[in-house]
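> Below, each chain spelled out in residue letters.
Number of protein chains: 2
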Amino acid sequence: MKDKAPPAAPGKVILGIDPGLARMGYGVILQREGRCRALDYGTMTSAARAPVEKRLVDLFEQMRAVLKKNKPDAVALEELFFSKNVKTGMAVSQARGVAVLAAGLAGLPVYEYRPVEVKQAITGYGQAEKQQVQKMVKLLLGLSEVPKPDDTEDALAVALTHAQVGGGTLARMIQANQGRGF
Amino acid sequence: MKDKAPPAAPGKVILGIDPGLARMGYGVILQREGRCRALDYGTMTSAARAPVEKRLVDLFEQMRAVLKKNKPDAVALEELFFSKNVKTGMAVSQARGVAVLAAGLAGLPVYEYRPVEVKQAITGYGQAEKQQVQKMVKLLLGLSEVPKPDDTEDALAVALTHAQVGGGTLARMIQANQGRGF
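Protein chains in written order, with our numbering: chain B, 1 to 182; chain R, 1 to 182.
Since the hints were made in silico from the structure, they are not lab data. Where is the CB? At the ideal position from N, CA and C, for every residue including glycine. Check each hint, because a few of them may be wrong.
Stated by the list, open to error - Beyond 12 angstroms from chain B on every Cβ pair, some chain R residues (computed):
{"hint": "1", "residue": "V13"}
{"hint": "2", "residue": "T123"}
{"hint": "3", "residue": "L143"}
Unchecked claim - For the chain R half of the interface with chain B, some residues (derived, Cβ under 8 angstroms), not all of them:
{"hint": "4", "residue": "P51"}
{"hint": "5", "residue": "V52"}
{"hint": "6", "residue": "S93"}
{"hint": "7", "residue": "G97"}
{"hint": "8", "residue": "V98"}
Build out the structure end to end from the sequences listed, making use of the hints.
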């Protein structure tokens, strides 16, 4: 049974990130005694009229502030798929790189989940509708309403996914997907 | 004639970057009195077996060292096109974001050129062959041989492009291409 995921450590803080250049959602949860609660969530932003180098600096500094405030044990992100709009995908990927870098500079491991894994972990059904995921995020975290905007809710969903999966079987380090041969 | 590019300032140092996750080429040139010479060039690397967050940290630190050593006035990169391999494009874009961030943290403007603009600026012909570009980079910088690997030569080529274009008509800030609406 060596492939079995170990039980998550008590009191684990997980930061979920939904990457973007204009808006980057973040959600911080505390996983303790089999339950999760939201510690912090919101959206980091950058001004569309600013040069990209300035926008990335702004996001980096906000990310550093979130890390400093919440001191997570791990960072989780959704895998990106941008087959329809490569240009958008690359702009988002640049911002994503900044978030992953900030995690790395803080010495944190970064985990990546496919959208189907997030849906499966949150609702038990990999093809779940968006609304089902939102409803479950609200229920799982005991929130009075679905966090807005979507970036924030998506960030909490991927943090919850990491909590559910425990960094084990479904979790994969980013390098397993992306890190070879480039 | 307000669209005309102003003459480049004397003694301008330009850092060209050819982004990548495993290898990121850099080339530093000094543009003075209408001529360019190479100050420094080489390749930043990250270990394929390391987690991506560690690889991005490694590239970030090497980029910071290059900036600290050479104190450029501007940074130039080629636009990325990855219609064939989106996954590779995203991994490279993440690394690219780290390079752009490092430039932004150093307070430097970042300029982006399309491959056709690089070929046009270096050889006078936008559809030039790779070998023609290499030969011209060698000639323009008075080098005894074509810098290797290709990442390094490509980095010098985009730095030379910025020197030729002077940050004016052909140069476009990254945000003009990528920064809207994401």
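> A separate judgement is required for each hint: does it hold in the structure or not?
Do the hints match the structure? See the list:
1. Distance check for R/V13 against chain B: the nearest CB is about 17 angstroms away, which clears 12 angstroms, and the non-interface claim stands.
2. At the 12 angstroms boundary, the C-beta of R/T123 stays outside the reach of chain B, the nearest C-beta of that chain being 26 angstroms off.
3. Non-interface call for R/L143 relative to chain B: holds, since the shortest CB-CB distance, roughly 28 angstroms, exceeds 12 angstroms.
4. Interface hint at R/P51: satisfied, since its Cβ lies 5 angstroms from the closest Cβ of chain B, which is below the 8 angstroms cut-off.
5. This hint holds: R/V52 has a C-beta 4 angstroms from the nearest C-beta of chain B, less than the 8 angstroms allowed.
6. Against a cut-off of 8 angstroms between C-beta atoms, the interface hint on R/S93 holds, since the closest Cβ of chain B lies about 3 angstroms away.
7. Proximity of R/G97 to chain B holds as hinted, the smallest CB-CB distance being about 3 angstroms (cut-off 8 angstroms).
8. Because the beta carbon of R/V98 sits about 5 angstroms from the nearest beta carbon in chain B, less than 8 angstroms, this interface hint is met.
In summary, the structure agrees with every hint in the numbered list given earlier.
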